[in-house]
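Enquirer: Chains as they are written, first to last, in this note's numbering: chain R, 1 to 112; chain X, 1001 to 1113.
Some hints could be false.
[To be verified] Straight-line distance between alpha carbons at most 27 Å, and here's what the computed BS3-like set of lysine-lysine pairs gives: (1) R/9 / X/1105; (2) X/1071 / R/57; (3) R/57 / X/1105; (4) X/1042 / R/57; (5) R/9 / X/1108.
No lab work stands behind these hints, which were simulated from the structure alone.
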Amino acid sequence: DSGVTQTPKHLITATGQRVTLRCSPRSGDLSVYWYQQSLDQGLQFLIQYYNGEERAKGNILERFSAQQFPDLHSELNLSSLELGDSALYFCASSVIPGYEQYFGPGTRLTVT
Amino acid sequence: GENVEQHPSTLSVQEGDSAVIKCTYSDSASNYFPWYKQELGKRPQLIIDIRSNVGEKKDQRIAVTLNKTAKHFSLHITETQPEDSAVYFCAAYSGAGSYQLTFGKGTKLSVIP
């Protein structure tokens, strides 16, 4: 157990819908990262937050957004869902940017 | 941005043999190189990492070597066991101040009993 928690574990929804994925970092970690893992794309970096502020953006679609709250938990919002958004979404955290990242158990999203 | 290439994509070894996975990176400013092990349907688990001021690091049966000049780093697993079977990912932090981790595409390691 890495100490990073994610909810829900599984999510099944229809095309066009909107979902919110939640992540709580390890105690003491200030930086949160979101990744998407699909079969043919490997682990793709989406976005990073540090102490409530966005620090880096990867290949994140405009339909996706995220935020980190004052208590340091983070939410990833996915809207206008498409079949191709079906994937495992991982959250990771580190003490500060540039240090070891520890991954949560992931949320498996299935869009039907 | 950073580009990380990983080879081979699949690797089969006999139990007890050694396994080596190699990665190259493009950003000469990158300074941190972790390796993750991922079992099917589970989270990537950090198994070892190395920073650019060190050439080699070892933890029991696992070692990582770094060649900054050639911009490549390798994972070495000795005395492989069936429980080592998993997908292994290398990664590199971009040195551009954003500390974005770029991952290789993974190596599926199968250890045959």
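Enquirer: Report the numbers of all earlier hints that the structure fails to satisfy, in ascending order.
Expert: Nothing - there is no hint that the structure violates, so all of them hold.
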